[in-house]
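Start from the sequences, fold in the hints, and give me the full structure.
Residue numbers (our numbering), protein chains in the order written: chain A, 1 to 112; chain B, 113 to 226.
By construction, these hints were calculated from the structure, which means they are not laboratory data.
Fair warning: this is a prediction, and the values are worked out from it, not measured in the lab.
Glycine is no exception: its CB is placed at the ideal position from the N, C-alpha and C atoms.
Just to be clear, a hint being listed does not mean it is correct.
[Said to hold, decoys possible] Listed below are the simulated DSS-like cross-link pairs for lysine-lysine, each with C-alpha atoms no more than 30 Å apart in a straight line: (1) B/Lys139 / B/Lys156; (2) B/Lys130 / B/Lys156; (3) B/Lys222 / A/Lys57; (4) A/Lys56 / B/Lys139; (5) A/Lys3 / B/Lys222.
[Said to hold, decoys possible] Footprint (simulated), chain A over chain B, 3 or more residues, beta carbon under 8 Å: (6) 123 to 133; (7) 210 to 222.
[Unchecked claim] From the structure, some residues in chain A lie toward chain B, with a derived Cβ separation under 7 Å: (8) Tyr32; (9) Trp34; (10) Ala46; (11) Ala90; (12) Ser92; (13) Gly94.
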Amino acid sequence: QQKVQQSPESLSVPEGGMASLNCTSSDRNFQYFWWYRQHSGEGPKALMSIFSDGDKKEGRFTAHLNKASLHVSLHIRDSQPSDSALYFCAASDGTNAYKVIFGKGTHLHVLP
Amino acid sequence: NSKVIQTPRYLVKGQGQKAKMRCIPEKGHPVVFWYQQNKNNEFKFLINFQNQEVLQQIDMTEKRFSAECPSNSPCSLEIQSSEAGDSALYLCASSLREGTGQLYFGEGSKLTVL
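Structure (structure tokens):
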């Protein structure tokens, strides 16, 4: 059973538009959430984290966490072609086993 | 540029052959992970280490895969007898001992089993 589910699988937005990615966890033990970005041919890179309820903004990127509903989202404002990549939601329960579970990813295509 | 160094970037093996990949974690990171990313981009956790000790591993890893992180040497992941289903991108990641889930990934080793 997938414990971290992402939607949509694929998303196309025009350059300058807003991209919204969603992630839902089925495990209430998860305390820490991350968004990772993976460009083609590269390894994933941590984009931003969110650990508390509410919004967290970093430049054009805003993450939102609602622990009650186990829902995390990522919003990219003023999307650029360089934002085209795979975006993964990841969750950790912070135990000593350092278990980090990844979703299946969202393909983001920013159209020039 | 990634500070987690994985080699080789690509390897091609026949079925039944051994395949070995290496990883140098970021300096000062005691925790090392290995993930398998399949052609659908799904991550499968294989094993993780804290320093030289295994923290946890999945059943598949116990049977055909072997991994180690010796002190003062690169970590390694070896598939004893490669199968077609092992074709994937093998990602090594390292992290600090804080458990929040921030992982630093290498570029990966892409294995193709013919």
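Tested hints:
Among the hinted pairs, B/Lys139 with B/Lys156 is consistent with the structure: their alpha-carbon atoms are about 25 Å apart, no more than 30 Å. Among the hinted pairs, B/Lys130 with B/Lys156 is consistent with the structure: their alpha-carbon atoms are about 20 Å apart, no more than 30 Å. A threshold of 30 Å between alpha carbons decides the hint, and for B/Lys222 with A/Lys57 the separation of about 34 Å lies outside it, so the pair is violated. Our distance criterion of 30 Å between C-alpha atoms is met by A/Lys56 and B/Lys139, whose separation comes to about 29 Å.
This hinted pair checks out: A/Lys3 and B/Lys222 have alpha carbons roughly 26 Å apart, not beyond 30 Å. Three residues within the 8 Å Cβ limit are the bar, and the stretch 123 to 133 of chain B against chain A gives 0, so the coverage statement is violated. Check result for the stretch 210 to 222 of chain B against chain A: holds, 10 residues qualifying (beta carbon to beta carbon below 8 Å, three or more required). Here the hint on A/Tyr32 is kept, as its CB sits about 4 Å from the closest CB of chain B, short of 7 Å.
The interface hint given for A/Trp34 holds, since its Cβ lies 5 Å from the closest Cβ of chain B, which is under the 7 Å cut-off. With 7 Å as the threshold, the beta carbon of A/Ala46 comes within range of chain B, its nearest partner Cβ sitting at about 5 Å, so the hint holds. Given hint, A/Ala90 at the interface with chain B, holds; its Cβ is 6 Å from that chain's nearest Cβ, closer than 7 Å. With 7 Å as the threshold, the beta carbon of A/Ser92 comes within range of chain B, its nearest partner Cβ sitting at about 3 Å, so the hint holds.
Residue-level restraint check for A/Gly94 holds (minimum Cβ-Cβ distance to chain B is 4 Å; threshold 7 Å).
Hint violations for this structure: numbers 3, 6, all remaining hints satisfied.
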